[in-house]
Structure formats: structure tokens, C-alpha cells
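A.B. asks: Single-letter residue listing:
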Amino acid sequence: MTQLLLFNITNGLIIGAFYVLMAIGLSLILNLSNVINFAHGGFLVVGGYIAYTLEPYLGFWGALIASPFLTAIIGLAVEKTLISRVYGRDPLYSLLLTFGLAFILEDGTRVIWGANGKPFTIPAALAQPLSNQFFFITSYRLFMVVVVVVTIVLLFMLLRYTRAGIRIRAGTLDLETVSALGVNVRALRSLNFAVGIFLAGLSGVLAGGQLGLEPTMGAGLLMPSFIAIIVGGVGSLTGTLVGGLLIGVASGVTAVFFPAASEAIMYVLMAAVLMVRPRGLFGEEGMLT
Amino acid sequence: MSKLFKPDSRRKLAALVAIWTALVLAPFWMPLLGGYTALGTRVLVLGLAAMSVNFLLGFTGVLSFGHAAWFGIGAYGCGMILKFVALSTPLGILAGTLAGGLAGAVLGALIVRRRGVYFAMVTIAFGQVFYYIAFQWSSVTGGDDGLRPFYRQPLHLGIATLDILNDATAFYYFVLVCFALASAAMAFILRSPFGRTMLAIRENERRARFLGIPVELHIWIAFTLSCFFMAYAGSLYALVNNFADPRGLHYSQSGDFVMMAVMGGMRSFWGPLLGAILFVVFQDYVSSVTINWQIFIGFLFVLVVLFFPRGILGAIRHRVAS
Amino acid sequence: MSLLQVKNVSKHFGSLIAVNNISMTVKPGELRAIIGPNGAGKTTFFNLITGFFRPTAGRIIFEGRDVTELSPARRVWCGMARTFQVTEVFPELTVRENLRIAVEVASGMRLRPWLSQIDDEKIRGRVRELIDMSGLAAKADRQVGELSHGDQRATEIMMALALNPRLLLLDEPTAGMGDQETYEITQLIRRLHKDGKLTIVLIEHDMRVVFHLADRIMVLDQGKFLAEGTPPEIAANKAVQTAYLGQAA
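Protein chains in written order, with the numbering used here: chain F, 1 to 289; chain V, 1 to 322; chain E, 1 to 249.
It cannot be assumed that every hint is accurate.
In the EDC-like style, the derived pairs of lysine to aspartate or glutamate whose C-alpha atoms are separated by at most 20 Å in a straight line are [stated by the list, open to error]:
id, chain 1, residue 1, chain 2, residue 2
1, V, K12, E, E129
2, V, K12, E, E97
3, E, K197, E, E181
4, E, K7, E, E92
5, E, K139, E, E129
6, E, K122, E, E146
7, E, K139, E, E69
8, V, K12, E, D141
9, V, K83, V, D144
Hints are computed from structural coordinates only; laboratory data are not their basis.
Construct the entire structure; sequences and hints are all you get.
C.D. replies: Set out below in C-alpha cells:
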């Protein structure tokens with residue numbers, strides 16, 4: 001029994017790690033620019049498909065590295081032409097805008113690459129199960145976790161030690177002051193958005209390797225990201241990190257006892273957090289409220 | 001009394017007469033434009049839903065992006081009554097309205113302290129909970145296939161029987177009456193002292209608070225009222241289709257309703273209805289022409305946000321004022 | 001006997017002490033001015049009195065009742081009304097509509113779904129009264145957001161008055177105004193004070209206004225109490241002169 005539990009907790013952590021990758025990108029954009037990026041799932045899909053297109057030329061590893069950057073560039077273009085126009089306006093408009101973008105990206109993928117799923121080949125070495133006992137943990141899944149961990153660590157270091165990173169963090173708390181100090185807020189927002197989209201694109205490549213590629217794959221990952229942010233606390237990246245892992249684990253553990261409810265548990269968690277500690281586990285009072 | 005003769009009131013009265021004339025005569029002029037009565041019925045119900053969202057969005061300034069949940073609960077509530085309990089249309093409508101309204105009241109209490117973007121996020125997430133339930137609880141709701149079969153029942157009005165099941169025109173007028181009742185109630189509330197406090201909260205929440213208005217309580221009341229209206233519209237929608245669909249609860253449906261309100265004009269009472277007409281016509285047309293109609297809907301959203309944020313009626317009003 | 005008693009009130013924001021152990025007693029019918037250089041903590045002090053923040057220490061007693069824990073809305077119901085440094089009104093509504101909302105709420109009708117003919121007339125009457133008092137009759141049906149600074153401020157003051165407060169707090173009522181507008185607002189405040197027998201506390205930077213209107217003046221500097229007294233006393237006070245003009249005085 002405990003082995004089954006352990007299995008599911010580990011499984012949950014793996015899933016959670018993936019949610020974290022998605023959610024942190026979303027959280028970055030939300031915190032600095034007050035924009036809920038509905039199109040985040042769409043960028044995930046684009047990232048996956050770009051990797052698929054590049055793979056024949058660059059191989060798996062090349063595609064893995066190049067695709068997020070290309071996706072981020074697309075994201076940057078979108079931010080500069082469209083999203084930047086709604087900053088400072090009622091949040092209603094950024095919601096509707098990213099909403100529309102989500103449709104465009106998803107359907108656009110369908111137009112360019114076709115509506116059917118596409119396979120995304122991963123190197124044979126990664127497809128092997130790690131051991132006979134834990135056959136479900138393929139090397140690929142472990143690899144995913146490693147990529148996520150490395151990325152998050154790099155991100156946190158970027159936010160902590162680089163000038164841009166510090167400015168992003170400061171901007172999250174008080175954008176007006178940061179602007180008054182002479183920082184180019186527009187450029188900061190663009191950079192921040194691009195980083196968020198980079199993470200979405202990376203998520204897409206990883207997801208593609210695990211599940212294959214489909215135009216609809218982004219939408220299903222958006223909700224867990226939302227919930228991770230709400231549970232962890234709006235305004236806190238650490239919170240998002242913890243939130244993502246938490247819902248992943250909760251989902252994994254619930255799968256042991258009530259398989260049908262493993263998705264529902266996320267919503268239950270969210271409702272519980274909202275009732276007991278509305279600002280989220282790590283959220284601060286007054287953030288975006 | 002003398003207010004009725006001011007030019008502004010006269011204009012409003014004329015507009016009202018024009019709108020209702022068009023609505024009452026719709027089964028006659030719609031076919032001339034290539035439409036058909038059932039389309040009109042559908043638009044009316046969706047328009048009511050958009051107006052219900054706007055009750056909150058345009059008049060209280062509260063951004064709920066998960067309002068389709070109450071629409072869907074209303075639809076399922078009505079459908080389940082007709083399928084499992086009793087063959088009575090009025091009972092179905094009542095049940096659906098109560099189910100959605102009460103669920104909204106409970107949820108509203110949880111989230112009413114949040115604002116802006118965070119509030120929107122939470123409404124989206126909670127809306128998805130209901131979508132998920134409708135999807136998963138397939139033994140009761142029919143899951144992905146939706147709730148069926150059930151049929152709207154003829155109305156026995158004592159003197160005569162209105163066959164709203166088979167007679168599309170009769171059904172249209174039935175829905176029109178329902179629409180009239182709901183929109184009258186909405187207008188009534190908006191004109192009341194309570195309705196004015198909603199405006200106050202929209203215009204300047206801080207000032208509202210410093211006038212002594214308990215803002216959270218008033219937002220909760222407005223939220224609950226809009227959920228009741230929304231669920232009512234949902235019940236009618238179940239009758240329109242003889243079918244209840246989990247997709248009706250999805251946040252993309254919520255987004256559609258918000259877009260209808262914005263397109264038509266958030267600050268105007270009839271704006272959302274106009275928006276619903278335009279949106280439905282556009283969507284129907286585009287989806288009949290290409291399978292990739294979603295891109296066009298996406299572009300519509302983008303265009304409206306960037307170039308027509310005030311919506312059509314809002315733009316007209318702005319032009320007239322300056 | 002006192003209307004408002006602020007006892008040893010402090011407000012800390014982390015390590016920043018915005019308000020440091022300030023006490024104030026205001027008698028009914030008084031017009032008190034609070035002055036001090038920028039950053040003296042005057043608005044924060046107001047915010048504490050009206051419930052925008054909770055004090056880190058100290059108590060606020062209004063008409064003998066401890067209101068320290070009450071929300072802003074509750075304090076309004078106790079009889080306090082305020083205006084803000086940056087005018088807070090309902091911009092897309094007309095002056096008349098702005099006042100109407102204030103009157104309805106003050107009359108306890110905020111939850112009513114409908115009004116009887118009699119109530120409606122009563123409210124309209126009161127709104128007319130307020131409009132006449134303010135001198136905004138000609139602009140009553142224009143959107144407040146489109147009016148001049150001074151007219152917006154006047155609207156806000158009338159809205160506060162609509163609440164039938166016993167204590168009116170005005171935060172820099174003449175801020176950003178030219179001479180003519182300043183004169184008009186000052187006259188308005190004076191009228192309200194004399195006719196309505198209202199108790200008024202105001203924050204002001206314009207010394208002409210202060211010395212014209214105030215019965216007593218309290219001076220704050222860097223969050224601390226500096227001096228209190230009648231206008232002549234304050235004018236002669238060396239410490240006050242130093243605070244405003246620097247050591248050179």
C-alpha cells in the first residue's frame with residue numbers, strides 16, 4: 001500500500017513539476033503586467049509544433065532548445081503589437097484580448113499543421129523505463145523534471161541576480177516607483193512577457209514528447225495553472241511553485257483512493273484555500289485585490 | 001410627470017417603442033432577411049444572458065468571467081426536471097433559475113472580497129468546476145453527450161394550449177414574454193435606489209464606501225441577482241435546444257457573453273442584446289463558410305478590444321455627446 | 001463636550017513612522033485646520049480618523065464612542081464625512097445624480113427596490129437644496145467628470161454634506177485651484193460652517209484660507225505634533241516658522 005502511495009506521490013510530483021513550469025510563466029506575466037494570459041495554452045501548443053517542425057533539421061535536442069526561443073520571439077511580437085495597447089486599461093480588455101488570441105493561436109495551429117495529432121519523437125535513450133519496479137517512471141519523465149528544475153533554478157537566479165530580474169521583482173511590487181526611477185517599464189514588460197512565453201513554449205515541447213502534439217493540448221493545461229496560482233497566492237512566484245506541486249501531488253494521491261476525483265481534487269483544494277486563506281498560501285494582502 | 005416631455009425622455013421612449021415593435025414582429029421580418037424564427041428565439045435567450053452578465057459588468061463594474069456556469073446550471077436544472085421529475089415547462093424554468101441563482105449566491109459570498117483581475121480569475125476557475133462536474137457526472141448529466149432527451153412541454157393556459165414544442169412561432173412569443181418579464185425586472189432594479197448604488201460602486205468604489213455604502217454586501221446582492229437572471233436565461237436555452245450541453249458551462253462561453261455585452265455597448269441597457277444579435281449572426285455565418293471559424297472569432301475579439309471598446313451603442317452615444 | 005478625541009494615535013508602515021503619537025480634541029462647532037510641511041503625515045492622520053487605516057496605537061473617540069475598530073462605512077453612519085485630496089466623485093454621472101445617490105444612502109434607502117412618490121419628492125427636494133447651496137445650479141445636469149476642478153470639489157463637498165454629518169473632514173479642499181476658485185470654495189466652507197453649525201476639520205496648504213477660516217490650528221511636522229493654538233498664536237510661533245521656512249527664519 002505504501003509503495004502504491006509513494007508511486008502516486010512521485011507521479012504527482014512529476015505532474016506537479018509540469019504544472020509549475022506552465023504556471024510560473026503565467027504568474028510572471030500576471031504579477032508584473034496585471035494581465036491574465038489566456039493565450040498561454042496557445043503558446044504552449046505553438047512551442048510544441050515549432051519543435052516538431054524543427055526536429056528533422058536540428059534533432060530533438062536542437063528543437064528543445066530552439067523552440068522556446070522562437071516561441072518567445074512570437075510572444076514578444078504579440079506583446080508589442082497587441083497586448084501593450086491594453087496595459088493600464090480596465091482588466092476586462094486584456095482578458096478579452098488574450099482570450100481572442102487563444103482562439104487565434106489554437107486555430108492557427110490547426111490551419112498550419114492540420115487538425116490531426118502529430119507525433120513528436122524523443123530520443124530512444126529517454127524512452128526507456130528507469131527500472132522494472134518503477135516502470136511508469138520513464139527516463140523521459142525524469143528528464144522532464146530535471147529540465148523543469150534546471151529552468152526554475154535559472155529563472156530564480158535571473159530574478160535574483162540580474163539587473164533586469166531585480167527590476168521585474170521591484171516592478172511587481174510598485175511599478176510606479178520603478179518607472180519614476182527611470183527604468184523603461186515598457187521594455188521591462190516586454191522582456192517579462194517574453195520570459196513567460198519562453199516557459200510556455202518549453203512546456204509545449206516537453207508535453208509534446210510525453211503526449212504527442214494536438215492543437216487542443218494547451219487548453220487543458222490552463223486551468224491547473226490558474227489553480228496553482230490561486231492556491232499558492234497571487235503575486236508570489238514561490239507560491240505558484242508550491243501551489244503547482246501541491247495540486248500535482250494531491251491529484252496523484254487522490255488517484256489511489258478515488259481515481260475519478262483526481263482532477264476534482266484540484267478544485268476542492270482551491271475552494272478550501274479561498275475559504276480559509278483567501279489570499280493564497282504565500283499571497284500578500286492587497287496584491288491585485 | 002413633466003419629465004416625460006423632455007426631449008431626452010421622448011427619444012428614449014421612441015427607441016423603446018421601436019425596439020419592442022421589432023421584437024414583436026420578428027417572425028415576420030426575419031425570413032425576409034434570410035433568417036428564421038428559431039434563430040430569433042435563440043438570439044433572444046443569448047441576449048438575455050448577455051444582459052445578465054452586463055448587469056454585473058456594465059452596471060456594477062464587476063468583472064465576472066465565469067458567468068456561463070450559472071447559465072449552464074439553469075439549463076441542466078430545467079432539463080433534469082423535464083427529464084426526471086415532471087413534464088412541466090414552468091416548473092423546469094423555476095427549478096433551473098433557483099438552482100443557478102442559489103449556487104451563485106453561495107459562491108458569491110466566498111469571492112466578494114476580491115477585485116479586478118483576481119476576482120476574474122477566481123470566477124473563471126469556479127466556473128470550470130461546474131463544467132467539470134457536468135462533464136464527469138455522466139450518469140446524471142449525460143457527460144460529454146449532454147443531457148437528453150427531454151422536451152419543452154406545451155403550456156396549458158386554461159382557455160387554450162400553447163404548443164410551444166412544435167410551433168416555432170408560438171415558442172418565440174413564449175420566450176419573448178419571458179424575456180420581457182426578465183428585462184423589465186432588470187430595468188426596474190437598475191432604476192431603484194439599490195440600482196443607483198450599483199452605479200456608484202462602478203464609478204468610484206472608494207467614494208461609495210465613504211458615503212456609507214457597505215460595498216461588499218451590495219456587490220454580493222448584485223452578483224446574486226445577475227446569477228438568477230443568468231440561470232433563468234439558461235433554463236430558456238435548454239428549452240430552445242431540448243438539450244443541455246457541458247460546453248455551455250465552459251469559460252469560452254462566458255467569454256462569448258462578455259464579448260456580446262462589450263460589442264453592443266456595456267453602458268447601455270440594450271447594448272448586450274444588440275451584441276448578441278451581431279455575435280450570433282457573425283458566428284453562424286463564419287462557421288458555415290469555413291471549419292477554421294475560431295480564428296475569425298478570435299480576430300473579432302481582438303478588433304473589438306483595440307478599436308471598439310465602447311461597443312456600438314457606446315460609440316454612438318459618444319459621437320452624439322461630443 | 002468634545003466631538004472628536006484622537007488619543008495618542010500612531011501609524012507605522014513597517015519601519016516608517018508616518019504618524020507619531022498625536023492627540024487632538026475638537027469641540028462641536030469648531031473649525032480646525034491642520035497644517036504642516038509636505039510629508040508631515042496630515043493625510044495619513046485623516047485616514048486614521050476616517051477609518052481608511054487602523055492605527056498602530058491609540059484610540060479615536062467620536063461623540064463619546066470608540067470608533068477605532070469601525071470600518072469607513074460605519075464611521076459615516078456615526079456622523080463623519082470626508083473629502084479627498086484627489087477628488088473622489090462619480091465621474092460619468094451628473095452632479096444631480098451624484099448628490100442623489102448620497103442623499104438616498106444617507107436617508108437609509110440604499111437597499112430599496114423602489115421609492116414611493118412621497119419619498120421620491122423628499123429626496124429630489126433635498127438634492128435641489130444642496131445644489132442651490134453649492135452654487136452649481138447651472139451645471140447640475142452635466143457629467144461631473146467634465147466640470148472644472150473647483151466644481152468637482154464643490155460637488156464632493158456637497159456629497160459629504162448630504163450625509164448629514166456632524167463632523168466634516170476636508171483634505172486640501174483648495175488644492176490645485178486658482179485664486180477665483182479658491183475664493184469660492186472658501187466662501188462655501190464658511191457658509192457651511194456658520195449656517196449648518198457643522199464641525200469642520202480641514203487640511204490646507206494655502207495659508208490665506210487657513211487664517212481666514214480657522215478657529216484653531218494644529219501644526220504637524222514629520223509625523224509629530226508641533227503646535228496648536230489660535231491663528232495669531234500659531235503665526236507668532238517660532239517653531240512653526242522654522243518648520244516651514246527652515247533654519248534661516
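A.B. asks: If a hint holds in the structure, say so; if it does not, say that too.
C.D. replies: Taking the hints in turn, this is what the structure says about them:
no., hint, in the structure
1, V:K12 / E:E129, "violated, 28 Å"
2, V:K12 / E:E97, "holds, 18 Å"
3, E:K197 / E:E181, "violated, 23 Å"
4, E:K7 / E:E92, "violated, 40 Å"
5, E:K139 / E:E129, "holds, 14 Å"
6, E:K122 / E:E146, "violated, 28 Å"
7, E:K139 / E:E69, "violated, 39 Å"
8, V:K12 / E:D141, "holds, 17 Å"
9, V:K83 / V:D144, "holds, 17 Å"
Hint check: violations occur at hints 1, 3, 4, 6 and 7; the rest are consistent with the structure.
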